[in-house]
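Please construct the entire structure, taking both the sequences and the accompanying hints into account.
There are 2 protein chains.
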Amino acid sequence: MPLEIERKFLVRDDRWRDGATSERYCQGYLSKGKATVRVRRAGDRAYLTVKGEPDGISRPEYEYEIPVDHAQSMLHALCDGPLIEKTRHEIRHDGLLWQVDEFAGANSGLIVAEVELSHPDQAISLPEWIGEEVTDDPRYYNSALATNPMGSEAERSA
Amino acid sequence: MPLEIERKFLVRDDRWRDGATSERYCQGYLSKGKATVRVRRAGDRAYLTVKGEPDGISRPEYEYEIPVDHAQSMLHALCDGPLIEKTRHEIRHDGLLWQVDEFAGANSGLIVAEVELSHPDQAISLPEWIGEEVTDDPRYYNSALATNPMGSEAERSA
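In order, the protein sequences belong to chains A and B. The numbering of the first sequence is my numbering, which starts it at 1 and goes up by one. The numbering of the second sequence is my numbering, which starts it at 1 and goes up by one.
Only pairs whose alpha carbons sit at most 20 Å apart, straight line, appear in this in silico SDA-like list of lysine to any residue:
#, chain 1, residue 1, chain 2, residue 2
1, B, K8, B, S22
2, B, K8, B, M150
3, A, K32, A, E53
4, A, K32, B, L75
5, A, K34, B, D80
6, B, K8, B, S108
7, A, K32, B, S143
8, B, K34, A, G33
9, B, K32, B, A77
10, B, K32, A, L75
11, A, K34, B, R40
12, A, K34, B, A77
13, A, K34, A, S143
14, B, K34, A, S73
15, B, K32, A, D80
16, A, K32, B, D80
17, A, K32, A, N148
18, A, K34, B, L83
19, B, K34, A, P82
The set of hints was computed from the structure by calculation and includes no laboratory data.
Structure (structure tokens):
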């Protein structure tokens, strides 16, 4: 069973922008139950992703590349609620790939950094710009941000 | 947008068995909302399928082949409720491919014939073994049969 093992953090400041490569994402959800089913457009590629329920920092994840035009029509005709718009920035730090999501739309102002690990107890060195860990906070699940955006809250705490 | 255009019928008798080729299917549902998301194992292949809401006899359908081991773990860990077990029999009649589903498990006794069309008003010649049309009856959606099986009802009317 393919697993996603991921930790998630807020950021302290903008130092992560140095040397980041960036791509625009648009994603929505076909389902948010026991299984989350996500449609994502990432630049000129698109993916259909099924995720199971989290067990600690791990969760089952099955991802398939799909035609962009399929993703576009699913995003606009079949996804529940508002879509998530964000720019994903990628930064290498100490051998690991950090992904910093800068949200737009209803979540504008929110910035969240993620790192994918090979096993749950992997030791990592945190970049200086990393802030509070929010791995266990379900409000920061992208599926939750689609329904309950955190734009204004993020701006208040900035 | 890929469309599935399909009519569905009960069968009168067993004449469809002559010359049919058959394959065992096991399928379950990750979602049954505005979008239905189905995982299907068909012999040694597997598929992830997203369907939108029906509009007459048409509905949006996006289907992707996936690894069988992914399907197996999604079927057993992520799908809601009982799985659908059936044998799909394929029969050619007058230039069209008829698919006859013979259900097992909770729907044992139920047999449903389907034909996929190129456009909604396509004229078709019905095989002699075709019975009542049930295209518009939501009880015969496979997603409904997973939750509300029709095994005993089918046996009563046989």
